[in-house]
Amino acid sequence: MPLIMIIYYILTICIIGLVVWNFAREKKNIQDLILYLLVLIPLLLRIIRVK
Amino acid sequence: MARMWIVKGILVALFLAMIMVGGTELYRHRHFDVPVVAGPGVTKVSVLSDYCPALKGTMADTAVFFLEGKDKGGKVLLMANTHANEPEGLLAALIIIENAIVEKGTLIVIPEFNHSASRNTRPGDGYPLYYEIKTEWGKKKFRMGNRDASPLDQWPDPDVYIHYPDRQLLSFIDARNTNRTWPGRLNGPRMEKVTFAAMEIMRREKIDVAIDIHGAETMFPVTNCIVAPEKSQKIATMAALTVKAREGFDNHVEPSPAGFRGLSHREIGDFSDTLPFLLEAPIPFLDQPTGPKTVNLLLDGKDPFLLSLSQKKKLFVPYDESGWPLEKRVGQHCSVALEIMRQFSNKTPERAIVAQGIPRYADIVGNGVGYYFHDPKKAQKDKIYLGL
Numbered sequence: 006m007p008l009i010m011i012i013y014y015i016l017t018i019c020i021i022g023l024v025v026w027n028f029a030r031e032k033k034n035i036q037d038l039i040l041y042l043l044v045l046i047p048l049l050l051r052i053i054r055v056k
Numbered sequence: 355m356a357r358m359w360i361v362k363g364i365l366v367a368l369f370l371a372m373i374m375v376g377g378t379e380l381y382r383h384r385h386f387d388v389p390v391v392a393g394p395g396v397t398k399v400s401v402l403s404d405y406c407p408a409l410k411g412t413m414a415d416t417a418v419f420f421l422e423g424k425d426k427g428g429k430v431l432l433m434a435n436t437h438a439n440e441p442e443g444l445l446a447a448l449i450i451i452e453n454a455i456v457e458k459g460t461l462i463v464i465p466e467f468n469h470s471a472s473r474n475t476r477p478g479d480g481y482p483l484y485y486e487i488k489t490e491w492g493k494k495k496f497r498m499g500n501r502d503a504s505p506l507d508q509w510p511d512p513d514v515y516i517h518y519p520d521r522q523l524l525s526f527i528d529a530r531n532t533n534r535t536w537p538g539r540l541n542g543p544r545m546e547k548v549t550f551a552a553m554e555i556m557r558r559e560k561i562d563v564a565i566d567i568h569g570a571e572t573m574f575p576v577t578n579c580i581v582a583p584e585k586s587q588k589i590a591t592m593a594a595l596t597v598k599a600r601e602g603f604d605n606h607v608e609p610s611p612a613g614f615r616g617l618s619h620r621e622i623g624d625f626s627d628t629l630p631f632l633l634e635a636p637i638p639f640l641d642q643p644t645g646p647k648t649v650n651l652l653l654d655g656k657d658p659f660l661l662s663l664s665q666k667k668k669l670f671v672p673y674d675e676s677g678w679p680l681e682k683r684v685g686q687h688c689s690v691a692l693e694i695m696r697q698f699s700n701k702t703p704e705r706a707i708v709a710q711g712i713p714r715y716a717d718i719v720g721n722g723v724g725y726y727f728h729d730p731k732k733a734q735k736d737k738i739y740l741g742l
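Chains G and V supply the protein sequences, listed in that same order.
Following the working numbering, the numbering of the first sequence begins with 6 at its first residue and continues without gaps.
Following the working numbering, the numbering of the second sequence begins with 355 at its first residue and continues without gaps.
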């Protein structure tokens, strides 16, 4: 795997971490919770090398 | 507080279920193998990484079938699935691999040139994941691919793709399009390595003729044609005239534009001694103003919106209620490829290529595409190739 691709995978993991952190900290807004999960779909599919 | 955690738990469960269901289908598609039965004419099977070791172990590596004749002669390289959402090329290549016997010269076939793209899909456009071809022994199932390689195999995309070596600015997506990355380079992005490997085949094997098989929209002017640069145009013109006179279908010649870089019909000719040809057959499935992108549309090419546009003279090919079925598209490719080989052989008899067993247009239209595929269950195990 080329270095640039490894860096992008690391960036993706960092963004997933931020989104999950925000999801866990959210206390009121259910719409925001759904939004966090929708944002996670492409990131997670890329990390598990499905799409 | 506790209520919020219950809501979060339900949402996460729904999210994971969605990922599992959708993701499993995509994973299965990427790892689905189409068995190919090597016919009696196949003498050797190599891989692209033999010509570019950096491709070894990647999804971009793919099988290269050699059909060598007893007598020495010329050499032809046939590439299909450069764009993996144009399946008529793949099917024509597989018909040749399963049925052709070369008597003189060598025929080299790469049925899935952009192998990564064949394991990619375009869910946003509603592409089907698979299509099936009826055969005498059941249905043969194929993956429906995408135009470009999967980002899983080449990521990230650049903001603008700078073509090598001309430095022409192309669309970012063309970095994954193996008909924009010619002539390629050894240390470039993975799709440039794929085209570099093909150039290496042409240089090492001393290929005379390279044929790149495609499909194009009915609303696109460069459709139903042979695209050829200056040095291939005489042979292309003779092939177009002959199939029109003898077999009754149109396939005009389009000149390869010198200012548009990265295309096989331009760069192969400019960077090697090989004569390049790119074949286009109309594929209504790729047109934008159609109904749903169904398997039926892919196979029979019938669409009411295109029919209406045809009546308004907005298409570049004749189009009626019969659509533009797969049999016609595959048949055209086989006949035109055969005719290019014949015309080249007439012009340079010392480098002639003579092949038997390849059906022509009328045969494929009459018998169907599936008629020429062999049952992998009845074939010898050492003749079956997976991973395509």
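These aren't lab readings, by the way, just hints derived from the structure by calculation.
There could be a bad hint or two in this list.
Said to hold, decoys possible - Think about it this way: if two alpha-carbon atoms lie no more than 20 Å apart in a straight line, the pair counts; the simulated SDA-like pairs of lysine to any residue are:
(1) G/K33 - V/V366
(2) V/K598 - V/R476
(3) V/K737 - V/F386
(4) G/K56 - V/G492
(5) V/K647 - V/M372
(6) V/K458 - V/F420
(7) G/K33 - V/P477
(8) G/K56 - V/H383
(9) G/K56 - V/I364
(10) G/K56 - V/A733
(11) V/K667 - V/A733
(12) G/K33 - V/K588
(13) V/K362 - G/M6
(14) V/K493 - V/V719
(15) G/K32 - V/F574
(16) G/K32 - V/M372
(17) G/K32 - V/I527
(18) V/K398 - V/K458
(19) G/K32 - V/R705
(20) G/K33 - V/D736
(21) V/K585 - V/R705
(22) G/K56 - V/G376
(23) V/K560 - V/L365
(24) V/K410 - G/M10
(25) V/K560 - V/K667
(26) V/K493 - V/G722
(27) V/K493 - V/A733
(28) G/K32 - V/I360
(29) G/K56 - V/Y381
(30) V/K410 - G/K33
(31) V/K362 - G/I39
(32) G/K56 - V/I527
(33) V/K588 - V/A612
(34) G/K56 - V/R384
(35) G/K33 - V/K458
(36) V/K362 - G/M10
These numbers were taken from a predicted model, which means no experiment stands behind them.
Structure-based check of all given hints:
A C-alpha spacing of about 16 Å is found between G/K33 and V/V366, which places the hinted pair at or below 20 Å, so the restraint holds. Proposed proximity of V/K598 and V/R476 is contradicted: the alpha carbons are some 36 Å apart, above 20 Å. Annotation: proposed proximity of V/K737 to V/F386 holds, straight-line Cα distance about 19 Å (limit 20 Å). Only pairs whose Cα atoms come within 20 Å are accepted, and G/K56 paired with V/G492 is rejected, the gap being roughly 31 Å.
At roughly 23 Å between alpha-carbon atoms, V/K647 and V/M372 are farther apart than 20 Å, so this suggested pair is violated. As the CA atoms of V/K458 and V/F420 are separated by approximately 13 Å, the hinted pair is consistent with the 20 Å bound. Using a Cα cut-off of 20 Å, the hinted pair G/K33 and V/P477 is violated, with the two alpha carbons roughly 34 Å apart. Restraint check for G/K56 and V/H383: the C-alpha separation of about 10 Å stays at or below 20 Å, so the hint holds.
A C-alpha spacing of about 25 Å is found between G/K56 and V/I364, which places the hinted pair above 20 Å, so the restraint is violated. A hinted pair counts as satisfied when its Cα atoms are at most 20 Å apart, and G/K56 with V/A733 does not qualify at roughly 34 Å. With a C-alpha separation of about 48 Å, the suggested pairing of V/K667 with V/A733 is violated against the 20 Å cut-off. A threshold of 20 Å between alpha carbons decides the hint, and for G/K33 with V/K588 the separation of about 73 Å lies outside it, so the pair is violated.
Distance check on the hinted pair: V/K362 and G/M6 sit about 36 Å apart at the alpha-carbon level, beyond 20 Å; violated. A C-alpha spacing of about 18 Å is found between V/K493 and V/V719, which places the hinted pair at or below 20 Å, so the restraint holds. As the CA atoms of G/K32 and V/F574 are separated by approximately 54 Å, the hinted pair breaks the 20 Å bound. Restraint check for G/K32 and V/M372: not satisfied, since their Cα atoms lie roughly 24 Å apart, outside the 20 Å limit.
The suggested pairing of G/K32 with V/I527 is violated, with an alpha-carbon distance near 40 Å, which exceeds 20 Å. At most 20 Å may separate the alpha-carbon atoms for a hinted pair to count; V/K398 and V/K458 meet this at roughly 16 Å. For a cut-off of 20 Å, the pair hint linking G/K32 to V/R705 is broken: about 76 Å separates their Cα positions. Between G/K33 and V/D736 the CA atoms are separated by roughly 63 Å; this puts the pair beyond 20 Å, and the hint is violated.
Under the criterion of a C-alpha separation no larger than 20 Å, the hint pairing V/K585 with V/R705 is consistent with the structure, at around 17 Å. For the hint linking G/K56 to V/G376, the alpha-carbon distance of about 10 Å falls within 20 Å, and the restraint holds. Of the supplied pair hints, the one linking V/K560 and V/L365 is violated, its CA atoms being roughly 60 Å apart against a limit of 20 Å. Proximity of V/K410 to G/M10 is assessed by CA-CA distance (about 17 Å); at most 20 Å being required, the pair is judged to hold.
Taken as a hint, the V/K560 and V/K667 pair is broken in the structure, with Cα atoms around 45 Å apart against an allowance of 20 Å. Between the alpha carbons of V/K493 and V/G722 the distance comes to roughly 13 Å, so the proposed pair stays at or under 20 Å and holds. With a C-alpha separation of about 16 Å, the suggested pair V/K493 and V/A733 falls inside the 20 Å cut-off, and the hint holds. Restraint check: the Cα-Cα separation between G/K32 and V/I360 comes to about 12 Å, which is no more than 20 Å; the hinted pair holds.
Between the alpha carbons of G/K56 and V/Y381 the distance comes to roughly 8 Å, so the proposed pair stays at or under 20 Å and holds. Restraint check: the Cα-Cα separation between V/K410 and G/K33 comes to about 51 Å, which exceeds 20 Å; the hinted pair is violated. About 9 Å separates the Cα atoms of V/K362 and G/I39, which keeps this hinted pair within 20 Å; it holds. Proximity of G/K56 to V/I527 is assessed by CA-CA distance (about 16 Å); at most 20 Å being required, the pair is judged to hold.
Straight-line distance between C-alpha atoms of V/K588 and V/A612 comes to about 17 Å, which keeps the hinted pair within the 20 Å bound. Annotation: proposed proximity of G/K56 to V/R384 holds, straight-line Cα distance about 9 Å (limit 20 Å). Between G/K33 and V/K458 the alpha-carbon distance is near 76 Å, which puts this suggested pair outside the 20 Å criterion. A C-alpha spacing of about 32 Å is found between V/K362 and G/M10, which places the hinted pair above 20 Å, so the restraint is violated.
Violated hints for the displayed structure, listed by number in ascending order: 2, 4, 5, 7, 9, 10, 11, 12, 13, 15, 16, 17, 19, 20, 23, 25, 30, 35 and 36.
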